[in-house]
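Residue numbering for the sequence shown is 1 to 177, as defined by full-length UniProt numbering.
None of these hints come from the bench; they were simulated from the model.
Careful: at least some of the hints might be erroneous.
Said to hold, decoys possible - Only pairs whose alpha carbons sit at most 25 Å apart, straight line, appear in this in silico DSS-like list of lysine-lysine: (1) K10 to K125; (2) K125 to K107; (3) K125 to K2.
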Amino acid sequence: MKNSALNALKAELFSGEPATVFAILDGAAVPGLRQYLSSFGPRYVCLYPGELDPGMAEVAPYFAVLEPDAAFADWLLGNGWGRGWGIYGKTGSRFTELRSHFRRLAKVADRTTGRTLYFRFYDPKVLRIYLPECSLPELHACFGPVQQYLVEDDEPTRLTRMHLVDNELRQDSIPFG
Numbered sequence: 001m002k003n004s005a006l007n008a009l010k011a012e013l014f015s016g017e018p019a020t021v022f023a024i025l026d027g028a029a030v031p032g033l034r035q036y037l038s039s040f041g042p043r044y045v046c047l048y049p050g051e052l053d054p055g056m057a058e059v060a061p062y063f064a065v066l067e068p069d070a071a072f073a074d075w076l077l078g079n080g081w082g083r084g085w086g087i088y089g090k091t092g093s094r095f096t097e098l099r100s101h102f103r104r105l106a107k108v109a110d111r112t113t114g115r116t117l118y119f120r121f122y123d124p125k126v127l128r129i130y131l132p133e134c135s136l137p138e139l140h141a142c143f144g145p146v147q148q149y150l151v152e153d154d155e156p157t158r159l160t161r162m163h164l165v166d167n168e169l170r171q172d173s174i175p176f177g
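Start from the sequences and build out the full structure, keeping to the hints where you can.
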C-alpha cells in the first residue's frame with residue numbers, strides 16, 4: 001500500500017469518536033502473527049482462552065488494540081489491508097470487556113447437535129455477509145460494546161463501516177485512497 005493510501009486509511013480509522021480502535025486478526029490468514037504481535041508489542045490477547053497447543057495458537061484469532069502512531073498499525077494496515085487478515089472496529093469500552101465480548105462471539109452452538117463450534121466472524125468476508133442477515137437481537141449481540149465495525153470492501157481503496165442507527169444496520173462504503 002502506498003504511503004498516501006496508508007495515511008488516508010489511518011485517518012479514517014482513527015478519526016472521530018469513540019477513541020479506541022481495535023483489530024481482530026486471523027492467525028490462519030497472517031503467517032507469523034504471534035511473532036509480529038510479540039515483537040511490535042500492542043496490547044493483545046488470543047480469543048481462545050487457556051493454554052493452546054502450538055498449532056492451534058498459530059491459527060487462532062487475536063484481539064489487538066491499535067494506536068495511530070504505532071509501528072504495529074503501520075505494518076498491519078500497510079501489509080494486511082485487502083488480504084483478509086481480519087476486521088477492525090471502534091469502541092469506547094475497556095479491553096477486558098471487549099475481550100469477553102469477542103470470546104463469546106468466537107464460539108457458537110450447533111442448533112442440531114449442541115456441539116460448540118468456532119465462528120469466524122473476524123473474517124471480513126464472513127462479517128460483511130453475516131451482519132445484514134441478523135435479526136435485531138443478533139445485531140445487538142454482535143455489536144455489544146462495539147460502535148463500529150470497519151472491514152475491507154471489495155474495492156481495495158474503500159472500507160465498509162457497519163454500525164447501528166436507530167436499531168438498524170447501516171453500511172457505508174467509504175473511499176480512502
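Structure-based check of each hint:
no., hint, result
1, K10 to K125, "holds (21 Å)"
2, K125 to K107, "holds (18 Å)"
3, K125 to K2, "holds (23 Å)"
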